[in-house]
Amino acid sequence: MKTLFILFTIAAVCAAEAQGQTSTPASSEVPTKVAATKPEVYYILTHMSVTTDSGIEGVAPGTKVILVRQSDQGLVVSDGQNQFNVSRGDLTSDADAALHLRAADRNSQAAISAARAQQLVLVAQSEKVQRERQSVQSSDVEQTSKAKAGDRDGRIAELRDEIAKCREKMDELRGDFEAKRSYSTHMSRRDRDRQTALNNQLQAGLDQQGHKIERAQSELSALGVTGARLE
Numbered sequence: 013m014k015t016l017f018i019l020f021t022i023a024a025v026c027a028a029e030a031q032g033q034t035s036t037p038a039s040s041e042v043p044t045k046v047a048a049t050k051p052e053v054y055y056i057l058t059h060m061s062v063t064t065d066s067g068i069e070g071v072a073p074g075t076k077v078i079l080v081r082q083s084d085q086g087l088v089v090s091d092g093q094n095q096f097n098v099s100r101g102d103l104t105s106d107a108d109a110a111l112h113l114r115a116a117d118r119n120s121q122a123a124i125s126a127a128r129a130q131q132l133v134l135v136a137q138s139e140k141v142q143r144e145r146q147s148v149q150s151s152d153v154e155q156t157s158k159a160k161a162g163d164r165d166g167r168i169a170e171l172r173d174e175i176a177k178c179r180e181k182m183d184e185l186r187g188d189f190e191a192k193r194s195y196s197t198h199m200s201r202r203d204r205d206r207q208t209a210l211n212n213q214l215q216a217g218l219d220q221q222g223h224k225i226e227r228a229q230s231e232l233s234a235l236g237v238t239g240a241r242l243e
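In terms of our numbering, the sequence shown opens at residue 13 and continues consecutively.
None of these hints come from the bench; they were simulated from the model.
Treat the hints with caution; some may be incorrect.
[Stated by the list, open to error] Straight line, CA to CA, 25 Å or less: simulated SDA-like cross-link-like pairs of lysine to any residue:
| # | residue 1 | residue 2 |
| --- | --- | --- |
| 1 | K177 | N211 |
| 2 | K177 | E190 |
| 3 | K76 | A129 |
| 4 | K181 | H223 |
| 5 | K140 | A126 |
| 6 | K224 | I168 |
| 7 | K177 | K140 |
| 8 | K177 | V153 |
| 9 | K50 | S66 |
| 10 | K50 | D65 |
| 11 | K50 | E69 |
| 12 | K181 | S233 |
| 13 | K76 | A123 |
| 14 | K76 | M60 |
| 15 | K177 | G236 |
| 16 | K76 | T64 |
| 17 | K140 | S120 |
Please model the complete structure; the sequences and the hints are all you need to start from.
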């Protein structure tokens, strides 16, 4: 009897173990971790001007941008500060190419800055040369004016001296004319004819000196000497 109880107990234990191995555990849901979407990175191929709230800003070649969304105008990207529209032809995903683009743009901007600085130097040099040239021209004009003024004063003195000499000559001729005319009443007809011819010569001399005075006075007038200053 005791033996049968032991056998029965062993059989029950075995049956329970067999049932435990064949039973299906209750299903349980294990949460699945969703991987975050990696942003699409691109680089600008060429220099661009974009309109922002603060105005128009430039975007240099090689600038890194992140794709925000697609739009009717193409793609909306962000450089970290501004969002703007581009076409796919304006972008590249090649980081090495972007590096070369940035270097080329820096060299280009440096060359432009150097050219502008050189242009400013050339303009400054040109303005300096122009000022020096104007200064020399002004000095030449001043010297020429002084020379002309000196020549004018000298010529005025010469003309006045010539007029004075002409008047002295005229006075001398008049004296000779009066002296010789006073003796004409005591001369014969033949001598009077000779005297008349001589008087005509004296008159011609007076006329000649008078013409010289007129020419000198006309030149003085042209030099700005007028009125009583002609005397």
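Quick rundown of the hints versus the structure:
{"no.": "1", "hint": "K177 with N211", "verdict": "21 Å, holds"}
{"no.": "2", "hint": "K177 with E190", "verdict": "20 Å, holds"}
{"no.": "3", "hint": "K76 with A129", "verdict": "30 Å, violated"}
{"no.": "4", "hint": "K181 with H223", "verdict": "13 Å, holds"}
{"no.": "5", "hint": "K140 with A126", "verdict": "21 Å, holds"}
{"no.": "6", "hint": "K224 with I168", "verdict": "14 Å, holds"}
{"no.": "7", "hint": "K177 with K140", "verdict": "55 Å, violated"}
{"no.": "8", "hint": "K177 with V153", "verdict": "35 Å, violated"}
{"no.": "9", "hint": "K50 with S66", "verdict": "31 Å, violated"}
{"no.": "10", "hint": "K50 with D65", "verdict": "29 Å, violated"}
{"no.": "11", "hint": "K50 with E69", "verdict": "28 Å, violated"}
{"no.": "12", "hint": "K181 with S233", "verdict": "23 Å, holds"}
{"no.": "13", "hint": "K76 with A123", "verdict": "24 Å, holds"}
{"no.": "14", "hint": "K76 with M60", "verdict": "13 Å, holds"}
{"no.": "15", "hint": "K177 with G236", "verdict": "22 Å, holds"}
{"no.": "16", "hint": "K76 with T64", "verdict": "18 Å, holds"}
{"no.": "17", "hint": "K140 with S120", "verdict": "30 Å, violated"}
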